[in-house]
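Construct the complete structure from the given sequences, taking the supplied hints into account.
Line by line, the protein sequences are chains D and S. Position 33, counted from 1, in the first sequence is what full-length UniProt numbering calls 33; the numbers after and before it change by one each time, with no gaps. Position 13, counted from 1, in the second sequence is what full-length UniProt numbering calls 13; the numbers after and before it change by one each time, with no gaps.
Please note that a few of the clues may not be correct.
Unchecked claim - Simulated pairs of lysine to any residue, SDA-like, Cα-Cα distance not exceeding 25 Å: (1) LYS140/S x ARG32/D; (2) LYS140/S x ARG25/D; (3) LYS144/S x ARG66/S; (4) LYS108/S x LYS79/D; (5) LYS29/D x ALA109/D; (6) LYS119/D x ALA133/D; (7) LYS144/S x SER127/D; (8) LYS144/D x ALA134/S; (9) LYS144/S x GLN136/D; (10) LYS29/D x LEU69/S; (11) LYS140/S x GLU128/S; (12) LYS140/D x ALA133/S.
To be verified - Which chain S residues face chain D? A few, computed with CB under 10 Å, are given here: (13) CYS17; (14) ALA22; (15) SER24; (16) ILE68; (17) LEU77; (18) LYS79; (19) ARG80; (20) LYS119; (21) SER123; (22) ASP129; (23) LEU130; (24) ASP131; (25) THR137; (26) GLN138.
Claimed, not checked - A few chain D residues that don't get close to chain S, going by computed Cβ distances all over 10 Å: (27) SER24; (28) PRO33; (29) ASP36; (30) GLU55; (31) ASP62; (32) ARG100; (33) THR104; (34) LYS105; (35) ASP129; (36) LEU139.
Calculated from the structure, these hints are not laboratory results. Cβ coordinates follow ideal geometry from the N, Cα and C atoms, glycine included.
Okay, here's what each chain looks like letter by letter:
Protein chains: 2
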Amino acid sequence: MDANRDALLVQLDQQLCFKLYAASRLMVKAYRPLLDDMGITYPQYLVLMVLWESESALTVGDLGERLILDSGTLTPLLKRMELNGLLRRQRSDEDERQVRVSVTKAGKALQVKAIDWVKRSSSQLHSEDLDVAALQTQLKGLLKMLG
Amino acid sequence: MDANRDALLVQLDQQLCFKLYAASRLMVKAYRPLLDDMGITYPQYLVLMVLWESESALTVGDLGERLILDSGTLTPLLKRMELNGLLRRQRSDEDERQVRVSVTKAGKALQVKAIDWVKRSSSQLHSEDLDVAALQTQLKGLLKMLG
DNA sequence: TCATTTTACATTGTGCACAATATAATTGCG
DNA sequence: CGCAATTATATTGTGCACAATGTAAAATGA
Numbered sequence: 001m002d003a004n005r006d007a008l009l010v011q012l013d014q015q016l017c018f019k020l021y022a023a024s025r026l027m028v029k030a031y032r033p034l035l036d037d038m039g040i041t042y043p044q045y046l047v048l049m050v051l052w053e054s055e056s057a058l059t060v061g062d063l064g065e066r067l068i069l070d071s072g073t074l075t076p077l078l079k080r081m082e083l084n085g086l087l088r089r090q091r092s093d094e095d096e097r098q099v100r101v102s103v104t105k106a107g108k109a110l111q112v113k114a115i116d117w118v119k120r121s122s123s124q125l126h127s128e129d130l131d132v133a134a135l136q137t138q139l140k141g142l143l144k145m146l147g
Numbered sequence: 001m002d003a004n005r006d007a008l009l010v011q012l013d014q015q016l017c018f019k020l021y022a023a024s025r026l027m028v029k030a031y032r033p034l035l036d037d038m039g040i041t042y043p044q045y046l047v048l049m050v051l052w053e054s055e056s057a058l059t060v061g062d063l064g065e066r067l068i069l070d071s072g073t074l075t076p077l078l079k080r081m082e083l084n085g086l087l088r089r090q091r092s093d094e095d096e097r098q099v100r101v102s103v104t105k106a107g108k109a110l111q112v113k114a115i116d117w118v119k120r121s122s123s124q125l126h127s128e129d130l131d132v133a134a135l136q137t138q139l140k141g142l143l144k145m146l147g
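Structure follows, in structure tokens:
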């Protein structure tokens, strides 16, 4: 009957969105050892990665654009990181609306830990059911469409 | 130099985890119209999907196993849904540690809205950069490995 | 110029996530 | 049986996400 066929459309196992949601959380959980060692959370790790890549200071808006997060999320997160000595926040002189965020020595120092951990654990992500490169490509396509 | 090559390992664009994190949030955002219409959140939608599939009541543990969520997340979430009349929570008679969760008429009624919306909007998810079926297969492999 | 609009960030309030811990019921074992 | 271990859920505390709103600075333009 049609009603049964329709019901398949809202079955959990059919949902791309649920797989992404579950995979995202499980992946973050896999980072736990590193994050605990660094003394930060996953979103904070993302902020650090963006800062590590940048030569100079970035505005809150820059970070938000890169991480797809708004000031409601970033402002308190950055304040916590500043409190922990990982970065500096200072109002821009040219444009007082902007807040310029720059990584401190302590924040930069964590990059070594991260690199070391990634080197040691990247080999874990292998199985016959999984082609990581293909998955990344597919996700890039999805993000392009959703963004 | 080696330090520069190492730095690539912690670049945002290289991170499978970030792509999953971003894609997950953007996908949930795409469900906003449906969720607003149903008057629920995405995690609540997931709970409803599991309940819709089940003939009988499920325990909190059953839901947690299916959604990979613990009681710290589920208990308050289920209480809110009960308050909104979408489900019932009752201590099991056989085992008083368990709480049995069952969908109400109001909760069941929302399935129609969901099916209708999915029917109308599933065609949106198409582009040349994206093979949804392949992505689902890859994610299933990833989840199997992470789970 | 100066009022209007836009922009950048901050604040508030709600609802997850999840680690850690607590509590009470059930199970297992000597 | 009696009690230690296990199990199922609840509670507490912290930190995101994000919608909605506030605020002040900068850009715009008649």
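Status of each hint after checking the structure:
1. LYS140/S x ARG32/D: holds, 22 Å
2. LYS140/S x ARG25/D: holds, 14 Å
3. LYS144/S x ARG66/S: holds, 13 Å
4. LYS108/S x LYS79/D: It is violated: about 44 Å lies between the C-alpha atoms, which goes past 25 Å.
5. LYS29/D x ALA109/D: The hint holds at about 23 Å.
6. LYS119/D x ALA133/D: holds, 17 Å
7. LYS144/S x SER127/D: holds, 10 Å
8. LYS144/D x ALA134/S: Distance of about 17 Å is within 25 Å: holds.
9. LYS144/S x GLN136/D: holds, 17 Å
10. LYS29/D x LEU69/S: holds, 13 Å
11. LYS140/S x GLU128/S: holds, 22 Å
12. LYS140/D x ALA133/S: holds, 15 Å
13. CYS17: Holds, because the Cβ-Cβ distance from CYS17/S to chain D comes to roughly 4 Å (cut-off 10 Å).
14. ALA22: Cβ of ALA22/S sits 5 Å from chain D, so the hint holds.
15. SER24: OK, holds: SER24/S within 10 Å of chain D, min 4 Å.
16. ILE68: The hint holds - ILE68/S has a Cβ within 10 Å of chain D, the shortest such distance being about 5 Å.
17. LEU77: Where the cut-off is 10 Å and the nearest Cβ of chain D is about 14 Å from LEU77/S, the hint is violated.
18. LYS79: violated, 21 Å
19. ARG80: Status violated, d = 19 Å.
20. LYS119: holds, 7 Å
21. SER123: Violated. Min distance 12 Å.
22. ASP129: holds, 3 Å
23. LEU130: holds, 4 Å
24. ASP131: holds, 7 Å
25. THR137: Holds - the Cβ of THR137/S comes within 10 Å of chain D, reaching about 8 Å at its closest.
26. GLN138: holds, 4 Å
27. SER24: SER24/D is in fact no farther than 10 Å from some Cβ atom of chain S, at 4 Å.
28. PRO33: Its Cβ never comes within 10 Å of chain S, the nearest being 14 Å, so this holds.
29. ASP36: Holds, because the least Cβ-Cβ distance between ASP36/D and chain S comes to about 16 Å, which exceeds 10 Å.
30. GLU55: Holds, since 12 Å exceeds 10 Å.
31. ASP62: holds, 12 Å
32. ARG100: holds, 19 Å
33. THR104: holds, 17 Å
34. LYS105: holds, 16 Å
35. ASP129: Violated, since 3 Å does not exceed 10 Å.
36. LEU139: violated, 4 Å
Going down the numbered hints, you'll see the structure goes against 4, 17, 18, 19, 21, 27, 35 and 36, while the others check out.
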